[in-house]
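What follows is the residue order along each chain.
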Amino acid sequence: MIVVPCPNCGPRNSSDLRNAGEVVPRPDPQTASLHEWRSYLYLRENPAGWVTETWYCRSGCRRYFTIERNTATNEIRDPGNS
Amino acid sequence: MYDLEFLSPVSSGPLSTPDGGLSLEDASASTKVLVRAARNTAAGAHLKVTYGRSRHRRDGTLICGSRPGEWTLLADPGRGAELVASLPDEGFVSVVDITHGRAMFRLSGADSIGVLAKVCNIDLADDMTPDGAVFSGSVAKVTCDLVRDDRDAGRSYLISCERSFGGYLFAAMADACAEFGINVPAGLSVH
Ligand SMILES: [Zn+2]
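Taken in sequence, the protein lines are chains Z and C.
Those letters in the first sequence? Residues 1 to 82, by the numbering used here.
Those letters in the second sequence? Residues 1 to 191, by the numbering used here.
There may be inaccurate statements among the hints.
Stated by the list, open to error - Facing chain Z, according to a computed beta carbon distance under 8 angstroms, are these residues of chain C, among others:
| hint | residue |
| --- | --- |
| 1 | P18 |
| 2 | A45 |
| 3 | H46 |
| 4 | Y51 |
| 5 | R106 |
| 6 | S136 |
| 7 | S138 |
| 8 | T143 |
Stated by the list, open to error - Taking CB as the label site, the calculated pair distances span:
| hint | chain 1 | residue 1 | chain 2 | residue 2 | range |
| --- | --- | --- | --- | --- | --- |
| 9 | C | F92 | Z | A72 | 42 to 48 angstroms |
| 10 | Z | N46 | C | E82 | 22 to 28 angstroms |
| 11 | Z | S33 | C | T143 | 38 to 44 angstroms |
Said to hold, decoys possible - To list a few chain Z residues with every Cβ distance to chain C over 12 angstroms, as calculated:
| hint | residue |
| --- | --- |
| 12 | P7 |
| 13 | N13 |
| 14 | V24 |
Just so you know, the hints here were simulated from the structure itself, not pulled from any lab data.
By construction, the Cβ of each residue, glycine as well, lies at the ideal position given by its N, Cα and C atoms.
From just these sequences and the hints, can you work out the full model?
Here it is as structure tokens:
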């Protein structure tokens with residue numbers, strides 16, 4: 001079990017949330033090339049280590065929030081305190 | 001829509017232990033109104049409660065802070081139009097009567113905490129979810145909104161979910177109640 005700290009609901013079992021994946025900056029829709037859209041939509045770093053990712057609190061407050069998680073250890077830290 | 005007959009997804013009447021110490025009843029017909037409002041609106045100020053808490057308004061309405069910037073108003077059946085009209089609507093505010101879209105049950109009694117603990121992963125201890133607490137989580141694998149709304153007789157929870165899960169969830173709750181002495185009627189089994 002991974003315990004994920006929701007800023008609104010407090011610590012929750014990860015089964016109450018949905019991992020929305022690595023945070024990837026969205027390109028400007030007016031100027032983005034096909035290559036940039038492909039990177040934004042599909043290409044991920046997926047490191048064995050620290051990653052900044054978005055989670056959706058689907059069983060709680062229904063809000064998206066960002067955390068940093070170590071994918072090798074599941075240690076979690078606030079992006080503001082890293 | 002306010003003269004629309006309410007159709008509950010639950011066909012069973014109230015269930016209780018012989019001593020009345022634990023009970024499970026369908027409360028789906030209750031009026032349920034969803035309000036989304038920006039913090040600086042008159043509606044937000046009027047509703048007052050913060051996310052995670054609830055209060056009883058003098059007219060009997062239970063106002064629940066169900067999400068950040070979102071409230072659910074619960075009241076006796078047939079009060080939808082009145083509740084919708086009672087809210088100031090200036091600014092960024094949306095008010096929707098969701099009565100027909102949600103099922104709701106009331107689980108009451110000293111053993112209600114034991115029943116709920118079997119099927120819900122939220123900490124139900126008094127210091128985490130005291131009387132008046134509003135919280136959301138999985139109940140028997142269904143995402144539900146819960147309010148701890150104690151009655152004179154003691155501990156009591158309102159549990160609501162999308163209407164289409166209502167029949168299953170009532171049966172699952174009844175099943176969870178069985179070991180505490182509630183007789184589950186034939187036809188209400190989840191097995
Ligand atoms: Zn949350």
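Checked hints:
Proximity of P18 of chain C to chain Z is violated relative to the hint, the smallest CB-CB distance being about 35 angstroms (cut-off 8 angstroms). Below 8 angstroms, beta-carbon pairs count as interface contacts, and A45 of chain C has none with chain Z, the closest being about 20 angstroms; its hint is therefore violated. Given hint, H46 of chain C at the interface with chain Z, is violated; its Cβ is 22 angstroms from that chain's nearest Cβ, farther than 8 angstroms. Hint on Y51 of chain C holds. Least Cβ distance to chain Z is approximately 6 angstroms, under the 8 angstroms limit.
Annotation: R106 of chain C was flagged as interfacial toward chain Z, and the flag is violated, the nearest CB pair being 21 angstroms apart, outside 8 angstroms. The closest approach between the C-beta of S136 of chain C and any C-beta of chain Z is roughly 5 angstroms, which is under the 8 angstroms cut-off, so the hint is satisfied. Checking S138 of chain C against chain Z: minimum C-beta separation of about 5 angstroms stays under 8 angstroms; hint holds. Interface restraint check for T143 of chain C: the shortest CB-CB distance to chain Z comes to about 5 angstroms, inside 8 angstroms, so the restraint holds.
Separated by about 43 angstroms at the C-beta atoms, F92 of chain C and A72 of chain Z satisfy the suggested range of 42 to 48 angstroms. The given range of 22 to 28 angstroms is broken by N46 of chain Z and E82 of chain C, whose C-beta atoms sit roughly 54 angstroms from each other. Look at S33 of chain Z against T143 of chain C: about 40 angstroms separates their beta carbons, and that is inside 38 to 44 angstroms. The claim that P7 of chain Z is not at the interface with chain C is violated, since a C-beta of that chain comes within 12 angstroms of its own (minimum 9 angstroms).
Residue placement check: N13 of chain Z does not keep its beta carbon more than 12 angstroms from all beta carbons of chain C (closest about 6 angstroms). Listed as a non-interface residue, V24 of chain Z keeps its Cβ farther than 12 angstroms from every Cβ of chain C; the least gap is roughly 25 angstroms.
Checked against the numbered hints above, the structure breaks hints 1, 2, 3, 5, 10, 12, 13 and satisfies the rest.
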